[in-house]
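In case you want the letters, here they are:
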Amino acid sequence: MSDFLNISGLHARIDADGAPKEILRGVDLVIPPGEVHAIMGPNGSGKSTLSYVLAGREDYEVTSGSVSFKGQDLLAMEPEERAAAGVFLAFQAPIELPGVNNANFLRTAVNAVRRARGDAELDAVAFLKTVRAATKKLSMSDEMLKRNVNVGFSGGEKKRNEVLQMTMLQPSLAILDETDSGLDVDALRIVADGVNALRSPTFSALVITHHQRLLDYLNPDRVHVMARGRIVHSGGAELAKEIDVQGYASFLAEAA
Amino acid sequence: MPAVTETREQVEKLGQSSYKWGFETDIEMDFAPKGLNEDTIRLISSRKEEPQWLLDWRLAAFAAWQTMEEPTWAKVSHPPIDYQDAYYYAAPKKKAGPKSLEEVDPELLRTYEKLGIPLHEQAMLAGVEVPEGEEARMPIAVDAVFDSVSVATTFRKTLAEAGVIFCPISEAVRDYPDLVRQYLGSVVPVGDNFFAALNSAVFTDGSFVYVPKGVRCPMELSTYFRINARNTGQFERTLIIVEDKASVSYLEGCTAPMRDENQLHAAVVELVAMEDASIKYSTVQNWYPGDENGLGGIYNFVTKRGACRGARSKISWTQVETGSAITWKYPSCILQGEGSVGEFYSVAVTNNRQQADTGTKMIHIGRNTRSTIIAKTISAGHSDSTYRGLVRILPKASGARNFTQCDSLLIGDQCGAHTVPYIENRNMAARVEHEATTSKISEDQMFYCRQRGLSEEDAVGLIVNGFCKDVLKELPMEFAVEAQKLLQISLEGSVG
Ligand SMILES: Nc1ncnc2c1ncn2[C@@H]1O[C@H](COP(=O)(O)OP(=O)(O)O)[C@@H](O)[C@H]1O
Ligand SMILES: [Mg+2]
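Chains as they are written, first to last, in numbering that gives the first Met the number 0: chain A, 0 to 255; chain B, 0 to 495.
Don't read these hints as lab results, they were simulated from the structure. One thing to keep in mind: the hints can contain errors.
[To be verified] Simulated crosslink set (DSS-like; lysine-lysine; CA at most 27 Å straight-line):
#1 B:K279 <-> B:K244
#2 A:K128 <-> B:K439
#3 B:K468 <-> A:K157
#4 A:K145 <-> B:K468
#5 A:K145 <-> B:K244
#6 A:K145 <-> B:K439
#7 A:K145 <-> B:K484
#8 A:K157 <-> A:K135
#9 B:K244 <-> A:K157
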């Protein structure tokens with residue numbers, strides 16, 4: 000077994016108006032260090048739920064199974080501890096924080112994880128230097144830093160802001176939940192560049208997507224198909240191309 | 000999830016002990032006997048060696064008070080207050096009254112140092128880090144009021160050279176009787192309301208500021224109020240007069256020890272701004288709020304009012320209210336001078352069992368008068384907070400304008416926030432705008448912040464400070480930094 004990310008028999012449910020609703024129904028997934036894996040699958044199959052459970056969202060109750068991350072029991076950790084340990088989730092729908100300055104938020108977050116990782120905090124000057132370098136690399140305008148977190152951002156700006164946060168927080172596991180959806184080709188490129196810039200033997204990514212195009216830029220090591228709360232099929236990069244042409248129908252039959 | 004509950008409990012424990020100003024100073028005190036009657040008032044007046052006119056003024060106020068009823072219209076509740084079961088005068092024992100800082104009781108100096116208010120003149124307002132890239136800033140003159148008396152006032156010489164008078168009001172009564180007599184009670188008359196009448200009868204100390212014509216006060220002035228003695232009410236009185244084309248910025252801070260009993264603080268603040276004068280009055284109110292079950296804490300029943308008497312004068316109130324078991328307070332502006340401006344910027348935070356009913360009154364009398372009200376209300380725990388505001392436009396106030404923005408932020412679902420705006424517009428050519436919003440810190444927002452590595456406390460702090468930004472930016476820098484921290488501390492234990 001790899002000791003990077005190891006998800007085993009994961010079951011999770013949510014309280015849907017008083018009745019428990021099982022969403023993850025035995026997810027098994029291993030991601031070795033240094034690899035990029037893609038998850039594809041029809042709407043409602045539990046992809047976002049998996050990403051939330053990995054990041055520690057409290058509304059989901061894990062009923063059985065385990066997740067180990069770099070040898071630690073991920074499920075026992077608070078969301079901020081997971082962030083400090085290197086888990087980053089780019090949200091499918093990034094959240095607005097009215098009145099909270101984007102740069103200030105970013106700096107608070109960066110320093111919180113630096114503190115937790117035992118690194119020195121960045122002062123205002125050092126932070127500004129780093130963030131300017133990051134925005135430049137992602138061809139983003141610095142103007143976005145002055146606005147309030149995600150407030151009044153276009154769909155594309157929100158996604159780019161997620162990539163900026165990812166770049167600044169230097170995760171070892173990045174989970175991207177449909178970060179490419181609704182983006183034009185240029186923006187797609189930025190997302191891919193953001194992930195590729197982080198690639199190293201100690202960094203892995205779990206990329207949830209519906210589109211072959213992002214995967215063209217990322218060249219994933221593995222592609223998984225999720226259906227009805229399970230990984231039902233796995234393959235190499237060519238699997239994504241197959242799905243692009245044929246759709247999910249054949250895998251769904253397998254899962255039933 | 001058990002892990003989460005545990006964290007919440009830990010955080011709540013933190014919350015209980017987070018009032019770090021709750022210590023008590025052991026010092027010999029001079030008390031007037033318990034109870035409120037004419038003798039108490041005579042004793043206060045004689046202790047302060049007051050002239051006859053002031054004693055008569057106090058007695059008239061007392062007579063008025065006896066005919067009045069405690070107001071009940073505010074959305075707060077508390078057991079009846081026994082006005083006879085309290086001390087009305089408590090002062091540290093001393094020889095003659097300190098002439099210089101060297102003569103101040105070292106125990107008192109230590110108290111203020113512990114509170115972050117060093118009373119030596121080189122010092123800055125401590126407890127506040129100098130923000131990055133910034134020079135150490137201008138000194139601040141401090142008047143330190145301990146229970147019923149002012150124990151020290153710094154930088155008086157520097158101020159005197161500029162022509163500014165900054166001294167305890169009891170001293171002003173002696174040294175500048177004409178000024179005090181002319182203005183005392185001219186903005187808040189003795190019989191204005193129950194608590195103002197009480198204050199007028201028994202007020203003990205407070206600050207007096209006079210800025211003469213054309214003078215911009217060369218430094219920030221501040222008064223630091225400290226309640227220390229048990230069973231003692233604090234009734235301070237502040238009077239600030241700013242003449243034509245003069246200006247001043249004044250700050251006020253307050254703390255008290257942690258006690259199981261409720262203590263009454265009923266202050267009166269009067270401001271007078273003449274032609275082209277401007278007064279900026281900032282408060283960071285951090286009286287002991289009581290424990291998480293609502294035991295103890297200060298009853299903060301305060302009347303603050305400013306008169307914009309001269310044309311184009313301006314009075315700006317900024318308040319950050321985090322403390323007290325109950326806050327009852329409506330800093331107001333009487334906009335008399337043509338083109339005068341009134342502003343009210345407020346953040347009121349309640350947590351646990353705290354109650355706040357606070358807001359402002361803007362009375363537009365003169366033509367082209369303008370007022371702005373920005374009130375941010377934050378409720379957490381089982382607390383309850385009300386914004387209560389009155390905008391009154393009188394028939395002659397043509398061209399008057401008011402803009403009001405009231406925003407409430409709820410943390411958790413056990414607390415309440417209410418907005419009660421009264422608008423009385425008797426001039427068709429005036430314009431009044433009112434906007435209000437209510438929001439909650441959502442689970443989504445908390446999760447988003449925590450996913451980025453922020454602790455729950457940091458996340459709430461960030462969101463709350465963002466919510467209050469428009470008000471906090473009105474505070475002088477020294478207070479803004481302190482206020483930000485205070486907001487976060489007072490909301491500790493409110494999420495989980
Ligand atoms: N908070 C919730 N309440 C009720 N049902 C939910 C909730 N979150 C997700 N679900 C349901 O769980 C299933 C999986 O959702 P999701 O993980 O968002 O899928 P995907 O990301 O693959 O589209 C869907 O049927 C969805 O309606
Ligand atoms: Mg999804």
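Checked hints:
Taken as a hint, the K279 (chain B) and K244 (chain B) pair is honoured in the structure, with Cα atoms around 14 Å apart against an allowance of 27 Å. Simply put, K128 (chain A) and K439 (chain B) have alpha-carbon atoms about 34 Å apart, too far for the 27 Å limit, and the pair is violated. This hinted pair checks out: K468 (chain B) and K157 (chain A) have alpha carbons roughly 23 Å apart, not beyond 27 Å. The straight-line distance between the Cα atoms of K145 (chain A) and K468 (chain B) is roughly 14 Å, inside the 27 Å bound, and the hint therefore holds.
Note on K145 (chain A) and K244 (chain B): the hinted pairing is violated, with a Cα-Cα distance of about 37 Å set against a maximum of 27 Å. The straight-line distance between the Cα atoms of K145 (chain A) and K439 (chain B) is roughly 24 Å, inside the 27 Å bound, and the hint therefore holds. Only pairs whose Cα atoms come within 27 Å are accepted, and K145 (chain A) paired with K484 (chain B) is accepted, the gap being roughly 22 Å. As the CA atoms of K157 (chain A) and K135 (chain A) are separated by approximately 17 Å, the hinted pair is consistent with the 27 Å bound.
Taking the CA atoms of K244 (chain B) and K157 (chain A), the gap is near 49 Å; set against the 27 Å cutoff, the hint is violated.
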